[in-house]
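Undergrad: Take the given structure of chain A and dock chain B to it, following the hints.
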Amino acid sequence: MSLMSVFDVSGSALSAQSIRLNITSSNLANAETVSSNREQTYRARHPVFSAAMQAFTDKPESVGVKVKGVVESKAELRMRYQPEHPLSNEEGYIFLPNVNAIEEMANMISASRSYEYNVEAMNTSKQLLLATLRLGQ
Amino acid sequence: MRFNLDKAMGIYETALYVRAKRGSILASNLANSDTPNFKARDIDFKSVLRNAAGVSSSSSMTATNAKHIIPGGNSAQTADLLYRHPHQPAIDGNTVDAQIEKTKFAENAMQYQTSLSFLTGKIKNLTSAIKGE
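Those sequence lines, one after another, are chains A and B. So for the first sequence, numbering that gives the first Met the number 0 puts the first residue at 0; every next one is plus one. So for the second sequence, numbering that gives the first Met the number 0 puts the first residue at 0; every next one is plus one.
The hints are simulated quantities; they were obtained by calculation from the structure and are not laboratory data. Glycine included, C-beta positions come from ideal geometry on N, C-alpha and C. Just so you know, not all the hints are guaranteed correct.
Under the rule of at most 20 Å between Cα atoms (straight-line distance), these lysine to any residue pairs were calculated in the SDA-like manner [as the list claims (entries may be wrong)]: (1) A:Lys125 x B:Met109; (2) B:Lys103 x A:Lys65; (3) A:Lys58 x B:Arg83; (4) B:Lys123 x B:Leu4; (5) B:Lys38 x B:Met109; (6) B:Lys38 x A:Tyr116; (7) A:Lys58 x B:Leu81; (8) B:Lys103 x A:Gly135; (9) A:Lys65 x B:Asp91; (10) A:Lys58 x B:Thr13; (11) B:Lys123 x A:Glu75; (12) B:Lys6 x A:Leu134; (13) A:Lys65 x B:Thr13.
Computed beta-carbon distance windows for the label pairs [unchecked claim]: (14) B:Pro85 x A:Ser111: 19 to 27 Å; (15) A:Lys125 x B:Ile10: 22 to 30 Å; (16) A:Val69 x B:Ile10: 27 to 35 Å; (17) A:Met52 x B:Pro85: 26 to 34 Å; (18) B:Ala7 x A:Ser14: 37 to 45 Å; (19) A:Val47 x B:Pro85: 20 to 28 Å; (20) B:Asn36 x A:Gln81: 38 to 46 Å; (21) B:Lys38 x A:Ser111: 18 to 26 Å.
Here are some chain B residues pointing at chain A (derived, C-beta under 10 Å) [said to hold, decoys possible]: (22) Arg21; (23) Ala26; (24) Ser27; (25) Ser32; (26) Asp33; (27) Ala62; (28) Asn64; (29) Ala65; (30) Asp79; (31) Leu80; (32) His84; (33) Leu118; (34) Thr119; (35) Ile129; (36) Lys130.
Chain A with its partners taken away, still in its complex shape (with noise of 0.2 Å):
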């Protein structure tokens, strides 16, 4: 039953989406986490995806998603002059992420887009396995 397969390929971006909106909201949680060098400074994290293929096995037609690893961004950290800060490091500087909210606020709606579609896919699979099982009568 190749329908079947459809809810381990739907499954497996839905674990992935999840994955991608967990990134995100650290993401956000620490866009203002303070440090006081640059080692210590949270970076923003981003998931890579790729195909989890099956092209020379018996079932070509249904490729996956999983998730390869985590990377860091390599953009510029931001730094702030604010000697009266408690972290702040001899020149008087604190460190903040390279999180960009507006680029992780659409992260964030195009996975949920993304789940949305997969949970929609699986659905309707299971509607047409479901009208299989009855067939004849």
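TA: Just chain B, lined up with the frame of chain A:
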């Protein structure tokens, strides 16, 4: 008159099989709508159905030697999987257009149900013939 139950269902059985395969392909496209470098795929329903129904097309390869390797599966093989022509490919190399894939998925689901209702009709005809009502 000889009766063959395998043939009684007609093309609809094969059509249902190919439709289910296509549903899986379209779901894969939707699942990978955010995967970099993923290319949207689809099948040519007509030719795959013809192949699956046992009518060989001129483009299909035949094994003329015992050592020839025949690709696995009886339909929707790797060779049958085509790439969709993108209207507006993304900058990361992804060619999935979620709107197109969603429409095709809904269309495919509709046609699957159509095949199902044709099959139900066939089965109803057979049962009424058996019961002699």
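Undergrad: For every hint, state whether the structure bears it out.
TA: The hints, checked one at a time:
The straight-line distance between the Cα atoms of lysine 125 of chain A and methionine 109 of chain B is roughly 13 Å, inside the 20 Å bound, and the hint therefore holds. At most 20 Å may separate the alpha-carbon atoms for a hinted pair to count; lysine 103 of chain B and lysine 65 of chain A exceed this at roughly 24 Å. At most 20 Å may separate the alpha-carbon atoms for a hinted pair to count; lysine 58 of chain A and arginine 83 of chain B meet this at roughly 19 Å. At most 20 Å may separate the alpha-carbon atoms for a hinted pair to count; lysine 123 of chain B and leucine 4 of chain B meet this at roughly 14 Å.
Restraint check: the Cα-Cα separation between lysine 38 of chain B and methionine 109 of chain B comes to about 25 Å, which exceeds 20 Å; the hinted pair is violated. Using a Cα cut-off of 20 Å, the hinted pair lysine 38 of chain B and tyrosine 116 of chain A holds, with the two alpha carbons roughly 18 Å apart. At roughly 15 Å between alpha-carbon atoms, lysine 58 of chain A and leucine 81 of chain B fall within 20 Å of each other, so this suggested pair holds. Simply put, lysine 103 of chain B and glycine 135 of chain A have alpha-carbon atoms about 27 Å apart, too far for the 20 Å limit, and the pair is violated.
Note on lysine 65 of chain A and aspartate 91 of chain B: the hinted pairing holds, with a Cα-Cα distance of about 17 Å set against a maximum of 20 Å. For the hint pairing lysine 58 of chain A with threonine 13 of chain B, the CA-to-CA distance comes to about 17 Å; that is within 20 Å, so the pair holds. The hinted pair formed by lysine 123 of chain B and glutamate 75 of chain A fails the criterion: a straight-line CA distance of about 70 Å is larger than 20 Å. Simply put, lysine 6 of chain B and leucine 134 of chain A have alpha-carbon atoms about 17 Å apart, close enough for the 20 Å limit, and the pair holds.
Restraint check for lysine 65 of chain A and threonine 13 of chain B: the C-alpha separation of about 32 Å exceeds 20 Å, so the hint is violated. The hinted window of 19 to 27 Å between proline 85 of chain B and serine 111 of chain A holds, with their beta carbons roughly 24 Å apart. Between lysine 125 of chain A and isoleucine 10 of chain B the beta carbon distance is about 26 Å. The supplied range of 22 to 30 Å therefore holds. Checked against the given bound of 27 to 35 Å, the beta carbons of valine 69 of chain A and isoleucine 10 of chain B, roughly 49 Å apart, lie outside it.
The hint said 26 to 34 Å for the Cβ distance between methionine 52 of chain A and proline 85 of chain B, and at roughly 20 Å that hint is violated. The hint said 37 to 45 Å for the Cβ distance between alanine 7 of chain B and serine 14 of chain A, and at roughly 43 Å that hint holds. Range check, valine 47 of chain A to proline 85 of chain B: about 22 Å between beta-carbon atoms, so the 20 to 28 Å window is met. A hinted range of 38 to 46 Å for the beta carbons of asparagine 36 of chain B and glutamine 81 of chain A is consistent with their spacing of about 43 Å.
Taking the beta carbon of each, lysine 38 of chain B and serine 111 of chain A are about 25 Å apart, inside 18 to 26 Å as hinted. For arginine 21 of chain B, the shortest C-beta to C-beta distance to chain A is roughly 8 Å, which falls under 10 Å, so the interface hint holds. A distance limit of 10 Å between C-beta atoms decides the matter here; for alanine 26 of chain B the minimum to chain A is near 4 Å, and the interface restraint holds. Given the 10 Å rule on beta carbons, the hint for serine 27 of chain B holds: about 4 Å separates it from the nearest Cβ of chain A.
Taken as an interface hint, serine 32 of chain B checks out: its beta carbon lies about 6 Å from the nearest beta carbon of chain A, inside 10 Å. Hint status for aspartate 33 of chain B: holds, given a least beta-carbon distance of 6 Å to chain A, under 10 Å. Given hint, alanine 62 of chain B at the interface with chain A, is violated; its Cβ is 18 Å from that chain's nearest Cβ, farther than 10 Å. The interface hint given for asparagine 64 of chain B is broken, as the beta carbon of that residue sits about 22 Å from the closest beta carbon of chain A, more than 10 Å.
Given the 10 Å rule on beta carbons, the hint for alanine 65 of chain B is violated: about 22 Å separates it from the nearest Cβ of chain A. Contact between aspartate 79 of chain B and chain A, as hinted, is supported at the beta carbon level, the nearest pair being about 9 Å apart and thus within 10 Å. Interface restraint check: leucine 80 of chain B against chain A, minimum CB-CB distance 6 Å, threshold 10 Å, status holds. Residue-level restraint check for histidine 84 of chain B is violated (minimum Cβ-Cβ distance to chain A is 19 Å; threshold 10 Å).
With a least beta-carbon distance of about 6 Å to chain A, the hint placing leucine 118 of chain B at the interface is held under the 10 Å criterion. Nearest Cβ of chain A to the Cβ of threonine 119 of chain B: about 6 Å, under the 10 Å cut. The hint holds. Against a cut-off of 10 Å between C-beta atoms, the interface hint on isoleucine 129 of chain B is violated, since the closest Cβ of chain A lies about 12 Å away. With 10 Å as the threshold, the beta carbon of lysine 130 of chain B stays out of range of chain A, its nearest partner Cβ sitting at about 14 Å, so the hint is violated.
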